[in-house]
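Put together the whole structure using the sequences plus the hints.
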Amino acid sequence: MSFDARRFKAMERAGFNRIAERYADSAHLRAALAGALLDNADLAPGQCVLDLASGPCLLAAEAARRVQPGGHVIATDIAEAMLAEGAQRADNTDTLLLAAADAEHLCVADQRLDRVLAGLALFMFPHPERALAEIRRVLVPGGRLTLSVWGMREKVPLIACAQDCIARLLPAPKIARPSVFRFGEAAILEALLQQAGFQNIRIQPCDFFCDFNDTEAYWQAFLDLAGGAAEALSRLPDSTRQTLQAAVAEDLEPYRAMPTPSGYRLPARALIASAIRPH
1014 MSFDARRFKA MERAGFNRIA ERYADSAHLR AALAGALLDN ADLAPGQCVL DLASGPCLLA
1074 AEAARRVQPG GHVIATDIAE AMLAEGAQRA DNTDTLLLAA ADAEHLCVAD QRLDRVLAGL
1134 ALFMFPHPER ALAEIRRVLV PGGRLTLSVW GMREKVPLIA CAQDCIARLL PAPKIARPSV
1194 FRFGEAAILE ALLQQAGFQN IRIQPCDFFC DFNDTEAYWQ AFLDLAGGAA EALSRLPDST
1254 RQTLQAAVAE DLEPYRAMPT PSGYRLPARA LIASAIRPH
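Each residue of the sequence shown is one higher than the last, beginning at 1014 in the working numbering.
Derived from the structure by calculation, the hints contain no laboratory data. Incorrect hints may appear among the rest.
[Unchecked claim] Here are the computed lysine to aspartate or glutamate pairs in the EDC-like style, where the Cα-Cα straight-line distance is at most 16 Å:
#1 Lys1168 to Glu1198
#2 Lys1187 to Asp1017
#3 Lys1168 to Asp1220
#4 Lys1022 to Glu1117
#5 Lys1022 to Glu1093
#6 Lys1022 to Glu1167
Spelled out as structure tokens, the structure:
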């Protein structure tokens, strides 16, 4: 199956528009990762920051607080409903600017930004090398890119458990999707950043856990993260979706949390990378 970047982006936009409110509501599951990314970004008052694939702007809103006084954050996403959700939730919209934009074609002048953030985003870009070239272009010399990606599949049952059931029970998707784990090895991510012209690259793991009261809560949380995949799953017959959910429940057994018999705890690993645009 050939990869169609245009159709992929359209599906992602539709999916994230569909789940915007629920994506924001589930942010507490990823709070540790968001905090670690922001701590590695070396934010300071007065900086100009871009948050790519910002979703409902939760990362961007916190970054905007950290660059006060005098700084501001531009939050971009291809899903306008995500940005609208962010606008409703943000309490600092005077320092938070929202723009529907494609990360591979940024509408920002050269060398204007001190920092660029990209939380769990790089693997979703059809052409990540184009996005990194744009990031390098808009950063000032010495500016920093800080991003997070999912680690290797076996380290992220949080995502892999549901994905494995889908792959086992459903035919291949009509619209091919890049793997969310494609930059899960630090060496691969480092090589990509080097090829894009970044220096002083630092990559570190961020391990965290997500707790769920039952299998239904886990399945819903997966859908709340899944973007284009959630859009495709929403078009399946109810019976097929029920079969998937039942299969996921069986695969979750190894993650049953004790001493709460009905609960589940799933581990996840992300990589946080920081890199500098050279002078």
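Hints versus structure:
1. Lys1168 to Glu1198: Distance ~11 Å between Lys1168 and Glu1198 Cα, so the pair holds.
2. Lys1187 to Asp1017: 10 Å, holds
3. Lys1168 to Asp1220: Since the Cα atoms of Lys1168 and Asp1220 sit roughly 9 Å apart, the hinted pair holds (cutoff 16 Å).
4. Lys1022 to Glu1117: 11 Å, holds
5. Lys1022 to Glu1093: The given pair, whose Cα atoms are some 13 Å apart, holds under the 16 Å limit.
6. Lys1022 to Glu1167: 27 Å, violated
Checked against the numbered hints given earlier, this structure breaks only hint 6.
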